[in-house]
Each structure stands twice: as C-alpha cells, then as structure tokens.
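Asks: The primary structure of each chain is shown beneath.
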Amino acid sequence: MASYTFEQKDDQCSVKLLGDLTAGLVPYMQVELKKALDKGTTDLMFDLEKTVMLDSSGMGLLIAASNSMARIGGRMRVTNVSPDILRLLQSMRLSSRLNVSGSAS
Amino acid sequence: MTFPSLPPTRIYRKTINSTLSQVELVCAEIRALLAPSNFESVRFAIELLAHESLCNAVIHGNRQNADKQVIVEMRLGRAGVRLQVTDEGSGFHWNEQYSLPQDASATCGRGLVLYTLYAERIEFNHSGNQITLWISKKERH
Numbered sequence: 007m008a009s010y011t012f013e014q015k016d017d018q019c020s021v022k023l024l025g026d027l028t029a030g031l032v033p034y035m036q037v038e039l040k041k042a043l044d045k046g047t048t049d050l051m052f053d054l055e056k057t058v059m060l061d062s063s064g065m066g067l068l069i070a071a072s073n074s075m076a077r078i079g080g081r082m083r084v085t086n087v088s089p090d091i092l093r094l095l096q097s098m099r100l101s102s103r104l105n106v107s108g109s110a111s
Numbered sequence: 002m003t004f005p006s007l008p009p010t011r012i013y014r015k016t017i018n019s020t021l022s023q024v025e026l027v028c029a030e031i032r033a034l035l036a037p038s039n040f041e042s043v044r045f046a047i048e049l050l051a052h053e054s055l056c057n058a059v060i061h062g063n064r065q066n067a068d069k070q071v072i073v074e075m076r077l078g079r080a081g082v083r084l085q086v087t088d089e090g091s092g093f094h095w096n097e098q099y100s101l102p103q104d105a106s107a108t109c110g111r112g113l114v115l116y117t118l119y120a121e122r123i124e125f126n127h128s129g130n131q132i133t134l135w136i137s138k139k140e141r142h
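Chains W and R supply the protein sequences, listed in that same order. To convert, count from 1 in the first sequence and add 6; that's the working numbering. To convert, count from 1 in the second sequence and add 1; that's the working numbering.
In case anyone wonders, no lab produced these hints; they're calculated from the structure. Among the clues, some could well be false.
As the list claims (entries may be wrong) - Coverage of chain W stretches by chain R, computed from C-beta distances (three or more under 8 Å per stretch; other residues unrestricted):
1) 27-34
2) 41-47
3) 61-75
As the list claims (entries may be wrong) - Across the chosen pairs, the derived CB separations fall in these ranges:
4) 39/R / 77/W: 44 to 52 Å
5) 39/R / 17/W: 46 to 54 Å
6) 102/R / 107/W: 21 to 29 Å
7) 74/R / 37/W: 30 to 38 Å
8) 14/R / 55/W: 45 to 53 Å
9) 93/W / 104/R: 17 to 25 Å
10) 79/W / 104/R: 17 to 25 Å
Yeah, the Cβ is synthetic: ideal placement off N, Cα and C, and Gly gets one too.
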C-alpha cells in the first residue's frame with residue numbers, strides 16, 4: 007500500500023498523499039516518517055491535495071509528526087486541504103497546531 | 002427527530018472480518034454508493050462516521066482478531082442516513098469519553114468526539130458493542 011510519496015532534500019521532507027489518510031494507511035506512513043526524521047528532517051510538509059478523507063487515526067499521525075518536529079525545533083505544515091477537512095480540523099481545534107492551509111481552488 | 006422512522010430508500014448491509022483492509026473496502030463501497038445520490042451535503046460526514054465506527058469496531062471492539070466479525074448496515078432515507086455498526090467485543094463505557102483530550106498533543110482519543118460533531122443522534126446498545134448514528138441531510142457544518 008503506497009498511497010503517498012516522500013521527497014527528501016537536505017533537511018526538508020515533502021509528503022504527498024495520493025489518497026485518503028485513514029487508519030489503513032497510518033502504520034505504513036509511521037515507518038516512513040520515522041526514516042525521514044532519522045535523516046534529520048526539520049522542515050516537514052504534508053500535501054493533502056488528493057485527500058478526500060481524514061479520520062481520527064490520520065489526525066493522530068499528523069499530531070505525532072507535529073510533536074516530533076516541535077521537540078527538535080523544526081516546523082511542519084499541512085497544505086492543500088479540502089474545505090471539508092479544513093472544517094474538520096478547525097472543529098477539532100487542530101488547524102493552528104498543525105499549521106493547516108486550504109486548497110487554492 | 003422524525004427521520005429515523007421513515008422507510009429507507011436503499012439499504013447497504015455487509016459483514017466483514019476485523020481487518021483494516023476490510024474497513025477500507027467497505028468505505029470505498031459506501032463512497033461509490035453515495036456518489037450518484039443526492040447526499041452531497043453530508044457525504045463527507047457519512048464517510049467519516051463510517052470510517053470511525055468501523056475502525057473502532059475492528060481495533061477496539063474486536064482487537065483486530067480477523068476471526069471476529071463486524072456487521073455494518075446503512076439505510077439511506079429521504080431525510081438522512083442511519084448507520085449501524087456491531088462488533089463482537091465486550092463494549093466500553095461510551096458515556097465517559099465524549100470530550101476532546103485535555104492534552105492537545107495527544108495522538109488519540111478524538112474518535113468519539115467526531116460522532117458528536119457530525120451525527121444528529123447517537124445511540125449505543127447497553128453493552129456498548131453496537132453503535133447507531135443518524136446523519137441528517139440538513140447540513141451541520
């Protein structure tokens with residue numbers, strides 16, 4: 007199950023989701039994220055342009071990544087979220103914590 | 002609340018083994034079922050609640066024991082959707098877990114809050130291994 011891509015350049019890591027970020031995908035992404043952090047990532051970006059659904063497990067993954075970046079003084083962003091996901095994260099009081107921005111369209 | 006008693010226009014029912022891949026399969030089928038329907042305003046809510054309730058049943062209810070089953074039934078009515086998920090677990094104290102985690106950095110503990118945000122009505126059976134959610138077509142978000 008590879009519904010995402012990781013692009014590492016120096017201390018920057020860009021994670022592009024190719025589908026939903028839900029419980030079925032989370033265990034696989036956790037492994038890849040740990041590798042990225044071990045490579046010295048301090049600038050982490052999640053691109054959710056192709057993501058229609060984000061469940062509580064997916065939120066947990068994003069929070070864990072945010073916690074990891076905060077511990078090392080790095081930064082994390084979540085970009086291109088749909089209006090539905092943006093409203094969800096705002097309702098859960100996570101939009102600021104996760105540094106979320108909506109899609110351009 | 003009147004819509005729970007309305008006759009359904011369509012029923013989706015499935016029994017799955019307790020694996021996350023089966024959850025994804027059911028959610029894909031629900032997405033396909035909703036695509037041509039007139040549930041556009043609440044499609045996200047329905048899919049999200051299906052994900053959460055099925056994952057809770059598989060992970061917390063049946064402890065991902067693939068030999069145990071989860072039953073899902075979704076009734077699409079004129080005014081909304083009734084979603085019911087049943088697992089073989091021993092249930093839980095559902096009336097004690099309806100608030101956001103006090104620690105904002107907590108990575109879990111938000112699933113039940115989603116029910117209150119997106120469902121019009123929530124019912125658990127006595128033991129807590131069956132949840133029934135009503136999602137009204139009247140948009141809440």
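Asks: Now, for every hint given, state plainly whether the structure supports it.
Replies: Against the structure, the hints come out as follows:
1. 27-34: holds (count 3)
2. 41-47: Per the Cβ count (0), the hint is violated.
3. 61-75: holds (count 10)
4. 39/R / 77/W: 44 to 52 Å: holds, 47 Å
5. 39/R / 17/W: 46 to 54 Å: holds, 49 Å
6. 102/R / 107/W: 21 to 29 Å: holds, 24 Å
7. 74/R / 37/W: 30 to 38 Å: Given a distance of about 35 Å, which is inside 30 to 38 Å, the answer is holds.
8. 14/R / 55/W: 45 to 53 Å: violated, 34 Å
9. 93/W / 104/R: 17 to 25 Å: This hint holds: roughly 23 Å between Cβ atoms.
10. 79/W / 104/R: 17 to 25 Å: At roughly 20 Å between Cβ atoms, residue 104/R and residue 79/W fall inside 17 to 25 Å, so the hint holds.
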